[in-house]
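Assemble the whole structure, with the sequences as input and the hints as a guide.
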Amino acid sequence: MGFFDKLLGVKPSGLRVAAPLTGEAVALSEVSDPTFGQEILGKGAAIRPTQGKVFAPFDGVVDLMFDTGHAVNLISDDGVELLIHVGLDTVKLKGEHYTAHVHSGDKVTRGQLLMEFDPAAIAAAGYDVITPIVVCNTADFASVEAQLGPVTQGDGLLTLTK
Amino acid sequence: MKTFDHVIQDPLGLHARPAGLLAKAAAAYQCAIQVKAPKGEADCKRLMAIMRMAAKAGDTLSFTCDGPDEDAAVAGLQEFLKTNL
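From first to last, the protein sequence lines are chains S and F.
Quick note: the first sequence uses numbering that gives the first Met the number 0, first residue 0, plus one each step.
Quick note: the second sequence uses numbering that gives the first Met the number 0, first residue 0, plus one each step.
Keep in mind the hints are simulated off the structure, nothing from the lab.
Beta carbons: idealized from backbone N, C-alpha and C, even for Gly.
Do not take every clue at face value.
Sample of chain S residues with no beta-carbon within 10 Å of chain F, all distances over it, derived [said to hold, decoys possible]: (1) E29; (2) S31; (3) K42; (4) Q50; (5) S103; (6) K106; (7) Q146; (8) G148.
Calculated cross-link-like contacts (lysine-lysine; reagent style BS3-like; alpha-carbon spacing at most 27 Å) [what the hints assert, rightly or not]: (9) S/K42 x F/K44; (10) F/K55 x S/K91; (11) F/K81 x F/K23; (12) F/K81 x S/K161; (13) F/K1 x S/K161; (14) F/K81 x F/K44; (15) F/K81 x F/K55; (16) F/K81 x S/K106; (17) F/K55 x S/K106; (18) F/K55 x F/K1; (19) S/K93 x F/K23; (20) S/K161 x F/K44; (21) S/K93 x F/K1; (22) F/K35 x S/K91; (23) S/K91 x F/K1.
What follows is the structure, given as structure tokens:
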């Protein structure tokens, strides 16, 4: 709930997950990797990034910073388990073109820089840099809705209801 | 209660995709399924907990299935692991 919502006394209608990256938000079904595209890992959205930076989409904790730096698992203070996976099959890059700025176990606040990556170099290496953002505990929620279109990091991306 | 072990063959280890497929495979059974790796253990139906173990190629995963359909779970998971991990 934002400052103005508080000011106006608007009640939150659900849990919010902000966009961790700047770019174009698209439906998960547009991701060519079926593990994401068929929502096997959970519901969410994907962002085609225009900048190589990932920011914390909420206040929470880093459950796992992958040692390859290509993905990060976060748990929000209100219980959303989120996987941010930068690029498809990028586990194979073994850390190249990725720089982690947080460690597993770190507490993070919304908007904090989590990792940087080089989109051009990743694309040049032959990988799709589309970034699925997936609620791993989708089963704990009645619905997960995504806001699609151009996004700037910090904008609303997902709304979850219990 | 039934237990079995599996050594990870995937050179990339238990990364996001196999972890997701494993959680989905486990969710098909009623029984409780726990998995233990060298660096931690997890409820095998919870994806993020599985990923957190950060299990690598060559690591041994020990599974415990406990509940009414534990025999089916052991058979199903062993088949899944043989093809996917």
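Each hint, compared with the structure:
1. No beta-carbon of chain F is positioned within 10 Å of the beta-carbon of S/E29; the least distance is around 18 Å.
2. Every Cβ of chain F is farther than 10 Å from the Cβ of S/S31; the closest lies at roughly 13 Å, confirming the non-interface assignment.
3. Every beta carbon of chain F lies more than 10 Å from that of S/K42, the smallest distance being close to 12 Å; the non-interface claim holds.
4. Listed as a non-interface residue, S/Q50 keeps its Cβ farther than 10 Å from every Cβ of chain F; the least gap is roughly 22 Å.
5. At the 10 Å boundary, the C-beta of S/S103 falls inside the reach of chain F, the nearest C-beta of that chain being 8 Å off.
6. Once the 10 Å rule is applied to beta carbons, S/K106 is consistent with being away from chain F; the minimum gap is 16 Å.
7. With a minimum CB-CB distance of about 23 Å to chain F, S/Q146 clears the 10 Å threshold, and the non-interface call stands.
8. With 10 Å as the threshold on Cβ separation, the claim that S/G148 sits away from chain F holds: the shortest Cβ distance comes to roughly 26 Å.
9. Using a Cα cut-off of 27 Å, the hinted pair S/K42 and F/K44 holds, with the two alpha carbons roughly 16 Å apart.
10. Annotation: proposed proximity of F/K55 to S/K91 holds, straight-line Cα distance about 14 Å (limit 27 Å).
11. At roughly 16 Å between alpha-carbon atoms, F/K81 and F/K23 fall within 27 Å of each other, so this suggested pair holds.
12. Restraint check for F/K81 and S/K161: not satisfied, since their Cα atoms lie roughly 36 Å apart, outside the 27 Å limit.
13. For the suggested pair F/K1 and S/K161, the alpha carbons sit about 34 Å apart, so the restraint of at most 27 Å is broken.
14. Distance restraint check for F/K81 and F/K44: the Cα-Cα separation of roughly 18 Å lies within the 27 Å cut-off, and the hinted pair is therefore satisfied.
15. Taken as a hint, the F/K81 and F/K55 pair is honoured in the structure, with Cα atoms around 16 Å apart against an allowance of 27 Å.
16. Restraint check: the Cα-Cα separation between F/K81 and S/K106 comes to about 37 Å, which exceeds 27 Å; the hinted pair is violated.
17. Straight-line distance between C-alpha atoms of F/K55 and S/K106 comes to about 26 Å, which keeps the hinted pair within the 27 Å bound.
18. For the hint pairing F/K55 with F/K1, the CA-to-CA distance comes to about 24 Å; that is within 27 Å, so the pair holds.
19. Annotation: proposed proximity of S/K93 to F/K23 holds, straight-line Cα distance about 26 Å (limit 27 Å).
20. Using a Cα cut-off of 27 Å, the hinted pair S/K161 and F/K44 holds, with the two alpha carbons roughly 19 Å apart.
21. Under the criterion of a C-alpha separation no larger than 27 Å, the hint pairing S/K93 with F/K1 is inconsistent with the structure, at around 36 Å.
22. Taking the CA atoms of F/K35 and S/K91, the gap is about 25 Å. The hint holds against a cut of 27 Å.
23. Annotation: proposed proximity of S/K91 to F/K1 is violated, straight-line Cα distance about 35 Å (limit 27 Å).
Comparing the model with each numbered hint stated earlier shows that hints 5, 12, 13, 16, 21 and 23 do not hold.
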